[in-house]
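J.: Just so you know, the protein sequences line up as chains D and C, in that order. Residue 112 in the numbering used here is what sits at position 112 of the first sequence, and the numbering runs on without skipping anything. When you read off a place in the second sequence, starting at 1, and then add 1000, the result is the number in the numbering used here.
Simulated from the structure, these hints should not be mistaken for laboratory data. Here a beta-carbon is modelled for each residue, glycine too, at the ideal position from N, C-alpha and C. Wrong hints could be hidden among the right ones.
Which chain D residues face chain C? A few, computed with CB under 7 Å, are given here [claimed, not checked]:
id: 1; residue: Gln37
id: 2; residue: Gly39
id: 3; residue: Val123
id: 4; residue: Leu142
id: 5; residue: Tyr258
id: 6; residue: Val325
id: 7; residue: Ala327
Within a straight-line C-alpha distance of at most 30 Å, the following computed DSSO-like cross-link-like pairs (lysine-lysine) qualify [stated by the list, open to error]:
id: 8; chain 1: D; residue 1: Lys34; chain 2: D; residue 2: Lys138
id: 9; chain 1: D; residue 1: Lys34; chain 2: C; residue 2: Lys1308
id: 10; chain 1: D; residue 1: Lys269; chain 2: D; residue 2: Lys210
id: 11; chain 1: D; residue 1: Lys257; chain 2: C; residue 2: Lys1180
id: 12; chain 1: D; residue 1: Lys34; chain 2: C; residue 2: Lys1042
id: 13; chain 1: C; residue 1: Lys1221; chain 2: C; residue 2: Lys1180
id: 14; chain 1: C; residue 1: Lys1042; chain 2: D; residue 2: Lys257
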Amino acid sequence: MEKTVKSTLSNKEEMLELLHQMQVIRTFEEQVEKLFQAGEIGGTMHLCIGQEASAVGACSVLERKDKIITTHRGHGHSIAKGMDIGRMMAELLGRETGYCHGKGGSMHIADLDVGHLGANGIVGAGLPIATGAALASKMKDLGYVVVCFFGDGATNEGAFHEALNLASIWDLPVVFICENNQYGMSGSVKEMINIEHIATRATSYGIPGKLIDGNDIIQVMETVQEAVERARRGEGPTLIEAETYRWRGHSRSDARKYRTREEEAFWRKNRDPIALFKNKLIVEGIITEEDFAHLVEQVQKEVNDAVEFARNSPMPSIDSLENDVYA
Amino acid sequence: MREITYLEAVREAMVQEMRVNNDVFLMGEDIGIYGGPFGLTKGMIEEFGPERVRNTPISESALTGSAVGAALMGMRPIVELQFSDFITVAMDNIVNQAAKIRYMFGGKGKVPIVVRTPSGSGVGFAAQHSQSLEAWFTHVPGLKVVQPSTPYDAKGLLRAAIEDDNPVLFYEHKLLYGLKGEVPEESYSIPLGKADVKREGSDITIVATSIMVQRALEAAKLLEAQGISVEVVDPRTLFPLDEETIVNSVKKTGRVIVVYEAVKRGGFGAEIASLIAESEAFDYLDAPIIRLGGAAVPIPYNTILEQKAVPQIDDIVKAAQSILNKVTV
Ligand SMILES: Cc1ncc(C[n+]2csc(CCOP(=O)(O)OP(=O)(O)O)c2C)c(N)n1
Ligand SMILES: [Mg+2]
Chain D
1 MEKTVKSTLS
11 NKEEMLELLH
21 QMQVIRTFEE
31 QVEKLFQAGE
41 IGGTMHLCIG
51 QEASAVGACS
61 VLERKDKIIT
71 THRGHGHSIA
81 KGMDIGRMMA
91 ELLGRETGYC
101 HGKGGSMHIA
111 DLDVGHLGAN
121 GIVGAGLPIA
131 TGAALASKMK
141 DLGYVVVCFF
151 GDGATNEGAF
161 HEALNLASIW
171 DLPVVFICEN
181 NQYGMSGSVK
191 EMINIEHIAT
201 RATSYGIPGK
211 LIDGNDIIQV
221 METVQEAVER
231 ARRGEGPTLI
241 EAETYRWRGH
251 SRSDARKYRT
261 REEEAFWRKN
271 RDPIALFKNK
281 LIVEGIITEE
291 DFAHLVEQVQ
301 KEVNDAVEFA
311 RNSPMPSIDS
321 LENDVYA
Chain C
1001 MREITYLEAV
1011 REAMVQEMRV
1021 NNDVFLMGED
1031 IGIYGGPFGL
1041 TKGMIEEFGP
1051 ERVRNTPISE
1061 SALTGSAVGA
1071 ALMGMRPIVE
1081 LQFSDFITVA
1091 MDNIVNQAAK
1101 IRYMFGGKGK
1111 VPIVVRTPSG
1121 SGVGFAAQHS
1131 QSLEAWFTHV
1141 PGLKVVQPST
1151 PYDAKGLLRA
1161 AIEDDNPVLF
1171 YEHKLLYGLK
1181 GEVPEESYSI
1191 PLGKADVKRE
1201 GSDITIVATS
1211 IMVQRALEAA
1221 KLLEAQGISV
1231 EVVDPRTLFP
1241 LDEETIVNSV
1251 KKTGRVIVVY
1261 EAVKRGGFGA
1271 EIASLIAESE
1281 AFDYLDAPII
1291 RLGGAAVPIP
1301 YNTILEQKAV
1311 PQIDDIVKAA
1321 QSILNKVTV
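Build out the structure end to end from the sequences listed, making use of the hints.
T.: So this is what it looks like as structure tokens:
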């Protein structure tokens, strides 16, 4: 039943689907950025442009019953897990039709129906929750695996260490994916962590730690697949460090003084996860430039439709303020 | 006099204290060249360097706990938490450690830390970045809690907080950061435990905290046009609390509305209402005390719902009108 990453690779349809998802994430977020600048989206936003491969690669090897949990930078993971971009956009515009009826916004987007246990506004908070979701899977023999996404900065919270230890001693079916995009808000990994690789932290908890190129979707798929299989076999958690880079500032206003424009240009030019994958597929003769151009056009339409849907959706009613505080 | 913003006033108080006392230093996330999420600490690392403006990893527990240890050994750390909601991650260090050390140790040792942090809703940051949890800390003996509502108060109260030998929670408000007001250039201190009558009046006393002081002042202007004279009392510090100023004002007006942003249930306004009920002002009351507080909900993202979740100027005006109709003489 389990498909291997290799068999996927040669399948044009599936390859295009992966590329399509990455492109949806990018275009969706570019649109979010525009709407934010125009004042149509309020609050704050954290864009994952430049990090699309880890989201799509990791979710592509999951089954529908598997769960994910994400962070403040969670649009990509949400899309990759199968959430509808129209309802996501509606949530960002605070509409009734949004996934959280406009009450959550970008930082709290969630959809239990597709196995998405929520973005989170508290750095590191997702790890213990993912551990608990994996515990439920084990205790009730539900067979699902939990994939927990978080950033490099989160690994300096106590919650990271406590969760990894707990998941390890109980052999829980959870895969911890650290998207090391080199910075927290402004603190660089080099300043904030005294070891070279976050993956090394796995040793402290007696679990496998894998360092991968997070912008190479195939590497992401292969590594996550292996970790998911291990988890499903009941052998416990894995820590994966996916090296990547956030192209945009941390959130709405960020002068990016803590890094150089050269460094940014390097990643954009050489490590763009979409360009890397697209070029690979072209070189291997699986798709053509025209296929890609067509796909980009198609994605723009989908995102436009999402905006249209969101804009045409009603605001939540004032009376709904006190609904859903308790079950 | 020169006008600066609330945010600048907070920064100026820290800078002036750091210039005169080498034991004072700042720890927090992204407080270096990034300047913190609101730009409050901009320029500080340039002046004081990374030893005294310590940019930390995302580790609220370790950074608050290490402030406790450093304070116990003679330093005077200021901790910046980016959003007051994150205080939950630092809770043990504040509640079980900082607050209790002196008492548990039989009166030896002191923990002079200031935890500065912005609270409140109104900017669309939703449930985990918008709370007003200050009442929690007033419930813990050993802690002091400060909530400035103007640039002038922010500067003077912060100096007092830094000079205080006890742990102080210093609650700023995101919506007040941009507020401008007259602030002397020289350093000054406002004693903790001294309320301020922000506006004198004779018909109704409004006791308000933080952003609600500004809303109460706006409401008072509208009410004045209707011939209603409102006195606005700002406790400024929740503990120590200046009960006398509150009680005297209520004795004068005979009617009181307590306005606070936190969830009404269990919020600090309940404490203020009870102290009035227990005091000699009780005999002077011409109407039941009204409390205006936040709805019992997490702060929603949608701005319309968000505004509805906490008292607005209009709600204060309506409460004032209704308290005048409830005369029970
Ligand atoms: C407990 C807590 N501390 C601080 C913050 C403020 N904050 C939000 S995102 C962020 C940086 C997170 O860095 P990282 O984990 O690397 O994720 P990235 O933003 O790079 O995706 C910080 C400091 C928060 N939301 N929660
Ligand atoms: Mg990061």
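J.: Looking at the structure, which of the earlier hints fail to hold?
T.: The structure conflicts with hints 1, 2, 4, 7, 8, although it agrees with all the remaining ones.
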